[in-house]
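Protein chains in written order, with this note's numbering: chain A, 1 to 283; chain B, 1 to 321.
It should be emphasised that the hints constitute simulated quantities derived from the structure, not laboratory data. You may find that some hints are simply not true.
Computed Cβ-Cβ distance ranges for the label pairs, DEER-style [said to hold, decoys possible]:
1. B:K222 x A:P7: 38 to 46 Å
2. A:T107 x B:R75: 53 to 61 Å
3. A:G49 x B:W178: 48 to 56 Å
4. B:I32 x A:G13: 42 to 50 Å
5. B:R212 x A:A178: 40 to 48 Å
6. B:E213 x A:T107: 30 to 38 Å
7. B:Q278 x A:I12: 50 to 58 Å
8. B:D175 x A:S26: 51 to 59 Å
9. A:P7 x B:L31: 40 to 48 Å
10. A:T107 x B:W164: 31 to 39 Å
Beta carbons are placed, not taken as given, at the ideal position from N, Cα and C, and that holds for glycine.
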Amino acid sequence: MRKFTIPTWCTIGWLGFVIFLAIFGSLLPFRPWEYVYEDSLGVAPFSPGHLLGTDTNGYDLLSSVVNGARLSLFISITAVGIGGFIGAILGITAAYVRGKLDTVMVTLFNVALSVPNLVLALALVSVLATNIDVNNPVPTWRRVVVLTAALTIVLIPILGRIARAATLSWTNREFVVAARSMGMRDRNIIARHIVPNVLPALIAVGFLAIGVVIIAEASLSLLGVGVPDGASWGGMIARGRNDLEYSPHVLYVPLAFLALTVISTNHLGDVLRSSLDRRESKL
Amino acid sequence: MTRVTYLLRRLAQLFIVLLLVTFGVSLLVRLIPVDLAEVLLPVGSQEEQDELRRAIGLDKGVFGYYFQWLGNFVRGDFGSIYYSGGTEAVSARLAAAFPRSFLLMIYTQVVALAIAIPLGVISAYRAGRRTDRLIGNSLFTFSSLPSFAIALTLVIVVGVKLAWLPTLGYAPISDGIWEHLKYMIMPVASLSIGLIAVYTRLLRADMIATLREDYVTMAASKGLSDRRILWRHVFRPSSLTLFTSAALNMGGLIGGAIVIESIFATYGVGFELFAAIQGRQFIALQSLVAIIAIFYVAFNLIVDIGSGFVDPRTRDRRINA
C-alpha cells in the first residue's frame, strides 16, 4: 500500500473526528442541544458561550451539529452497509450463476433504476410513513427507521449492479476456472475467490455512496419529509433555510459539516479506487 | 444475431421494464394502509366515495386496479387530482409542467457539456500538471457540495442581495427570450455544476487512454498541431462514454430535479410529483412516475442505437456482451 498523502490524512482525521462526535458527543460537556437560549437568539458564531452561534429560535448550533452528526451518520452508514450487503449478495449471485436468474435480476435492477433515486426514496418514505389517522403525526424514531429503510432500498440496485459488473470480470479468470475444474464448491469459490476481489471495488463505491446518502437525507429534510426538529444535519439545514437572509450562519454551519464529510468520503472513495486500478495495471 | 433482432429484443426488454415499474408503483399505492377513496374525497358522501372506488378500480383488487389504470393511461387519461372543490386532470397539469422540466433539462445539459468538454480536453492535455490538478481539485470540491447548497447561496447572493435575477417562478418563452432565461439561469447553474465535474472526469479519463494510441503518435510525428490532434483525432473516439452518460442523465433530470424545482418554484414534473406525494394524490403519482420511467427508458434506447452510429466498433462488441 502506497503511503497516504496529506489531504488523505486530513480527510481520515475529519471523518474520525465526526465519528467520534457522533458516538461520544452525548458524553462530552456540550450544552444540551434541545434547550432554548432565550437571551441569545440568532447570535453569530464565535460569540462567548456559543462557539458556533445560535439559530433564531435560540438553539445552540455547536450542540445541534454534534447531536445531528449521530443521526446523519447512522442513517447513511446503516443504509450503505445493509444496502451494500444485500446488493452484493444479489449482484454476485446473479453474475456467478448467469442464466435466467441473471436476466431476472438485471431486469429488476433496471426497473428500480428507471425511477430517479430521490423520487423513489420520496415515494417509499411517504408510503411507509403514512399513518392511518392523518391527524396523528408519525413519531421521530419511526421516521428515522422509514428514512433509513427507504434509502437502503434505493441503494440495493445501484450497488447490486456494480457488484454484478465487478463479479463478471472475475468469473472467467484462470484461477476461478481452475478452482471449478478441481471440483471446488460454488459457495467456496464465491467466498474465497470472488468476494475478496470484488469487495475492494464495492468498498470504494460504498464510500461514495455514503456521501450520496448524506446529501439525499438533507434533500428529503429540505422537502419536509426527512428527520424533523433539526435532529440531523438535514433537519438543521431545513430549519436554517428560513433564516437565510438575516442569519445565514444557521444554514452554513450544518452545511459546512455536511460538505466536509461528503468531501472526505468522496476523497477516500477516490483514493481507494485509484489504488485498486494501480494494482490491476501492475498484473 | 443481427442488428434488427437485437433492437427488437431490447425493445421487448424495455417494454417489460416499463410494465414492471408501473405495476410496482401500483402495488405500492395499494399497500398504503389507508382507504384511498377516503383520502381522495375526505368530505365526500358514502355514495360519492363508492362511485370513485368503481371509477378508478379500487374495488377490484391489485391486478384489476392496475389494468384499469393502465388502460386509461394508454388512452391518454392520466387520472385526476382531487380537491375539496372538484377535480383537475393530471394531463392538464403535466402539459404545464413538462415544458418547464424539459427546457430546464436541455439547458442544464447544454451548459454542462459546453463547460465540461473544454475543461476535459485541457485536463487530459495537461494531465498531471498544475492546470489539470487545479481543474480536478476545484471541480471535485464543487461536485461534493449538494446542489441545494449552491441554489440557496445563489438565491441569497444573486437574487436577494444583488437583486439581479428573480428568485421564484417561471416565464414561458412567449414572454420574451430574455425574460424566460432570467428565470432559468439560477436553476440551471445549480443543476449543472455537479454534472460538469462528472462529465469532465469521464472525458479526461477516456482522452488520456486515447492519447496513448499509436495513431496519435503517428499524427504527432506527421507534424500536426496539438490542437488539431486533440480535437480531430482524440476527442471524437473519446467522447462516447461522455455522451452515453449525458443521455442517461436526461430521464433522471426531468423528474429528479425536485429540490431545485421547489427552491426556485419552477414547478416542473419533479415538483408535480412531490406535490402529488405530499397531497396524497396517488393516481397522479402513478401516472407521473410512469411518464418519467418512459423517458428514462426511451433515452436508454436512444443511447443504445446512437452509440452504434458514433462509434461503429461498439456495434458488434455490445451484441456479444
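Problem - Index of numbered hints that the structure contradicts, given in increasing order - result: 2, 5, 7 and 10
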